[in-house]
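A.B. asks: Chains A and B supply the protein sequences, listed in that same order. For the first sequence, position 92 (counting from the first letter as 1) is numbered 92 according to the numbering used here, and the numbering increases by one without interruption. Add 1000 to a position in the second sequence, counting from 1, and you land on the number used in the numbering used here.
Worth flagging that the hints you see were computed from the coordinates, not collected in a lab. Careful: at least some of the hints might be erroneous.
[What the hints assert, rightly or not] Using 30 Å as the maximum straight-line C-alpha spacing, the simulated DSSO-like pairs for lysine-lysine come out as follows:
no., chain 1, residue 1, chain 2, residue 2
1, A, K165, B, K1068
2, A, K137, A, K161
3, A, K169, A, K137
4, B, K1161, B, K1112
5, B, K1262, B, K1149
6, B, K1022, A, K165
7, A, K137, B, K1112
8, B, K1068, A, K137
9, B, K1060, A, K137
10, A, K161, B, K1060
Letter by letter, the chains look like this.
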Amino acid sequence: MKKKDTVINSDPVEEFSACVNSLYVDHNLWLQRWLGNEVGCAQSAADITQDTFVRVLQNKQDIHKLRTPRAWLRTVAKRILIDRRRRQQIESLYLARLAAHHFEENYEFSPEEFNIAIETLHVIARALEQCSPTMRKAFMLRFFENWTHRAIADHLQVSTKSVQKYLAKALVLCQTD
Amino acid sequence: MDQSIKEQAAEWFLRITSEDPKPTAEDYQEFENWQAQDMRHAQAFASMESFVQGMETLPKSASVDTLKEVIHKTKYQSKSGVLSLLLFIFLAGAGFFALPQENIEYLFADIKTEENSGLAQTLADSSSLTLASNSAVNIDFDRQQRRIKLIDGQLLVDVAKDPQRPFVVSTRHGNIRVLGTKFIVDKQASTTTLTVLESNVAVYPANQQAEFDLIVVPAGQQLVFNGRTRQELREINVQQSERAWKNSQLVVDAEPLPAVLKRLSAHYNERLFYSNTELQQVEVTAVLPMNDLQAALNLLADSLPIEIQSYFSLATTIRIKEEKS
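Extracted from the complex, chain B is given alone in its bound form (with noise of 0.2 Å):
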């Protein structure tokens, strides 16, 4: 249709149902003479019409929050946007320059946990959050949502239910929207894992060119993920993950051994040595304390076929443990 008549149609629709300055006499008159000169023209109103008609029979809120997430940022970036700005600037004035952008959030986290102590908190919204030790979050909470960031560690959430604001918790590697209540987040170096406790969580990765899309992870699984890709949904089991989260204990499900040193490697910032593909094939499924490295690593060495040797703490080796003949 011709783009003129779309811009009279347009126009006439805008003065006819405006509310508020209201179309007066004159403006009707006007318009059944326009709609009367070209049979184009009411055809052009009537799919204007319809067309705003199906607009505002679309569910609000998940419309608008649609929206606001595609179209370019620019417009939604908010004012927290602009300081952080201002800040990063003075902090590069200040030297702080060299320090990884990670490094620099975690500097000034609004929560932070030291070596050896976790924290319990009560949020505005009555949601409750736990963080590990070693953790650190900012919480930014507005009226069109709740967001918190994991900069680095664990926390579990407990969320209160609010349906005007969606619960986000994301990492550099994504979004956890939350649409259920009860979860937990444990951010690596290179990935994010999720364990779901109840009800459903949505995550979105954080790269646009990511390999998956949004998946829904449900109660009792888990989802180890990073910006890029994600590993295949994992059972676990419910009770014994959140007992385990709540002694401070790190849950380890039919693991590769490599992967679970690594973890432990990475809480206790401590380096273990060992040989990916020997350990590959050694399986673990345990339930490590997260508070004392010789004691997890001891039950390791109790329950697999493996040999852990220290060297006056500066390192520790661990092997295959060799048949004796």
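So that you can see chain A by itself, here it is in the shape it has in the complex (with noise of 0.2 Å):
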């Protein structure tokens, strides 16, 4: 047994979830504790908390080497947090406007068709909270009123090149989990 203990230990994916592991036990409880007094929500609390140790899992960082981990969690949960909320708020508010369109013009759409929605816009609107101002402008223009290139160079008084710059940026945004 003892030996068997050792051989696993040196693998570094069983290393690495020892890390987790530890990390887990030592502050998950804390992380719960103050994602509470953060949400006023025991069950999204442990939602989070939970969420937070799944991303710690696929970020595969060098756990060991924190100095610091609860300032670490601490940043990887607000992170999820703000993901959170701002899905909450686009998943309502384009409720609100798909149900305006349904009531106005007889839209219909399936709960998937929302869900794939939601999920695009949430990925769009990350994307474009990281682009100036001109960026959000050309990306919009491109992708929901069928710019062409130059016309949006017109509009914006740049040259096609930058416009496809800003638009290339703003799709590799889009593209970054």
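Combine both chains into one complex, guided by the hints.
C.D. replies: Below you can see the structure in the form of structure tokens.
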């Protein structure tokens, strides 16, 4: 048994999960309490805590090198919190807009379509938040108003090359997890 | 995937799909070469393409509106935002600074009504707006939306249909987005009351950290809310509410007496003296006149076990009537 333990511990994957495990044991309750204060709901706090550790697992960082694991966990949790709030906001806004169109034009949509749309809008919103106002404008005109690059360039008074640069940057941000 | 491959894929996607300027024959040739260079190139391009296609199949106006509201408002601040800032600075210089924001808004409202005089007006989009007395609104119509800001008081709107431009009534406590047609908004100091007469109306709290999100209020229901919280929906009688509104009356349906007295006192700007705890048990269902305080109080006294006393119109007290032994 003893020998086997040593072998497993030398496996980098196992070592990593042991690290995550101790991180979880040491800070799980603390994080949950901190989030509880932040969101005011025990259930959401538990969910976000879970998501935080899942993200930690996915990131595969050098956890054992972390000097202030709590500060780092808090940063990850905050990012998840912001994402959740943004998604909730998108859901309610989009629902209301769709409802308005549904009433006025009998526009039909299925739950799947709705979920895909929310996901896509969330990705776009997150990307555009990191863009300058000019880039956002170019993006909206190109992909939602169907303007040509030249028309956008004229409108923003920049070259078509710049327009392409703006759009490329925004698209890459959309493809970043 | 490699960040630089994503960047290249984005650039190629844009170059190849551009309608003006159109890609040249050389562009296509270079693109083919790039794709052939590395398997990951074609993959990255395909994923870019499917993302854009997904984006372009979204219902346009709903998506654009949602994105505009979600992304920081900075970019979408209109010119009127700048104007009102200038105005505010000017006012501050003129010594208006001590006034709370709402009073300033009230002073400069687009439409205002005095005491005892309502007003009916047809708006540019042929919606009809009726204002109660002591009310003020700002009207802000543009190509994207029709917005009415209720600064104070009560209004009834009969909204003309315009699928391109949603109709929004906002108060300090939240935004009411019209999905249907006819409703009443009553803005008090700490809450807003929405009564829906026809179809559906959506309400958002003004405060982003509010305890409720969007709520859709159907016809025949009433919602009381402020920037943070809301009460449960209440059933109301549509015909009665509308009739009462037309006669400028306050329709009260099974509300505790202190709440009713508070509304009366706010409406008439008159101090009424009573004890919340004493009167909390008394429930009121009544239609009260909004142009004669004494008449309203007499009506209450007639139907409830209460005693109302006026002291030379300086003060009015309301108490539970003592049983005569």
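A.B. asks: Work down the list of hints and note, for each, if the structure agrees.
C.D. replies: Evaluation of the provided hints:
Straight-line distance between C-alpha atoms of K165(A) and K1068(B) comes to about 22 Å, which keeps the hinted pair within the 30 Å bound. Restraint check for K137(A) and K161(A): the C-alpha separation of about 16 Å stays at or below 30 Å, so the hint holds. In summary, the hint linking K169(A) to K137(A) is supported, as the alpha carbons are separated by about 13 Å, within the 30 Å threshold. Proposed proximity of K1161(B) and K1112(B) is supported: the alpha carbons are some 25 Å apart, at most 30 Å.
Simply put, K1262(B) and K1149(B) have alpha-carbon atoms about 24 Å apart, close enough for the 30 Å limit, and the pair holds. Of the pairs offered as hints, the one joining K1022(B) and K165(A) holds, with about 16 Å between alpha carbons and a cut-off of 30 Å not exceeded. The straight-line distance between the Cα atoms of K137(A) and K1112(B) is roughly 37 Å, outside the 30 Å bound, and the hint therefore fails. At roughly 10 Å between alpha-carbon atoms, K1068(B) and K137(A) fall within 30 Å of each other, so this suggested pair holds.
In summary, the hint linking K1060(B) to K137(A) is supported, as the alpha carbons are separated by about 15 Å, within the 30 Å threshold. With a C-alpha separation of about 26 Å, the suggested pairing of K161(A) with K1060(B) holds against the 30 Å cut-off.
Checked against the numbered hints given earlier, the structure breaks only hint 7 and satisfies all the rest.
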